[in-house]
Amino acid sequence: MAHSLESRVPFLDNDLVDFATKIPTRYLVNFGLLKSNPEKENLASKYIFRQAMEELLPEAIVNGNKQGFSAPERTWYRTKLVDYIRGTLLSKESRILEYINPQYIEKTLDDHINQDINHRLLIWSLLSFEWWCRNFLEE
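In terms of this note's numbering, the sequence shown has 163 at position 135, counting the first letter as 1, and numbering is strictly consecutive.
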């Protein structure tokens with residue numbers, strides 16, 4: 029899901045998933061539209077949602093194409109969260125420093141902050157690894 033909003037989480041409730049797996053496919057996909065207009069494949073999906081919302085939302089939203097957007101963490105990692113990230117990854121309490129050279133982390137952060145390279149995903153991975161180390165490795 030490189031270019032989409034992660035919106036599945038509210039739908040991962042066990043009872044909801046059990047219910048959804050019992051919904052016949054004809055309610056989930058508009059096969060008539062798909063057959064007659066294969067180029068409108070995007071509109072044929074999520075049929076039950078589109079039907080449920082057609083009287084509540086404008087037509088342009090119900091039948092609109094998917095739209096991508098950028099997540100804000102790239103900017104946050106250069107502004108609001110810089111001190112938090114440096115403190116988390118480079119403090120004396122940082123567990124990640126047992127496994128990753130601090131100069132590498134500093135260069136990664138500096139390159140990102142100076143907008144030389146977008147290391148958004150790498151920074152997220154470093155933070156995740158640090159949090160994992162703190163939670164699951166014995167001191």
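Keep in mind that a hint or two might mislead.
[To be verified] Taking CB as the label site, the calculated pair distances span:
#1 Ala88 <-> Phe59: 22 to 28 Å
#2 Trp152 <-> Ala48: 39 to 45 Å
#3 Leu40 <-> Leu125: 30 to 36 Å
#4 Tyr55 <-> Lys94: 19 to 25 Å
#5 Trp152 <-> Gln79: 50 to 56 Å
#6 Lys108 <-> Lys135: 19 to 25 Å
#7 Thr49 <-> Asn93: 25 to 31 Å
#8 Glu166 <-> Asn129: 19 to 25 Å
#9 Trp104 <-> Lys135: 16 to 22 Å
#10 Phe164 <-> Pro86: 44 to 50 Å
#11 Leu44 <-> Leu150: 33 to 39 Å
#12 Pro38 <-> Tyr127: 31 to 37 Å
#13 Glu83 <-> Pro38: 18 to 24 Å
#14 Ala88 <-> Asn129: 36 to 42 Å
Rather than coming from a laboratory, the hints here were simulated on the basis of the structure. All residues carry an ideal CB built from backbone N, CA and C; glycine is no exception.
Against the structure, the hints:
| no. | hint | verdict |
| --- | --- | --- |
| 1 | Ala88 <-> Phe59: 22 to 28 Å | holds, 24 Å |
| 2 | Trp152 <-> Ala48: 39 to 45 Å | violated, 30 Å |
| 3 | Leu40 <-> Leu125: 30 to 36 Å | holds, 35 Å |
| 4 | Tyr55 <-> Lys94: 19 to 25 Å | holds, 21 Å |
| 5 | Trp152 <-> Gln79: 50 to 56 Å | violated, 37 Å |
| 6 | Lys108 <-> Lys135: 19 to 25 Å | holds, 21 Å |
| 7 | Thr49 <-> Asn93: 25 to 31 Å | holds, 28 Å |
| 8 | Glu166 <-> Asn129: 19 to 25 Å | holds, 23 Å |
| 9 | Trp104 <-> Lys135: 16 to 22 Å | holds, 20 Å |
| 10 | Phe164 <-> Pro86: 44 to 50 Å | holds, 47 Å |
| 11 | Leu44 <-> Leu150: 33 to 39 Å | holds, 35 Å |
| 12 | Pro38 <-> Tyr127: 31 to 37 Å | holds, 35 Å |
| 13 | Glu83 <-> Pro38: 18 to 24 Å | holds, 22 Å |
| 14 | Ala88 <-> Asn129: 36 to 42 Å | violated, 52 Å |
Hint compliance for this structure: hints 2, 5 and 14 are not met, and every other hint is.
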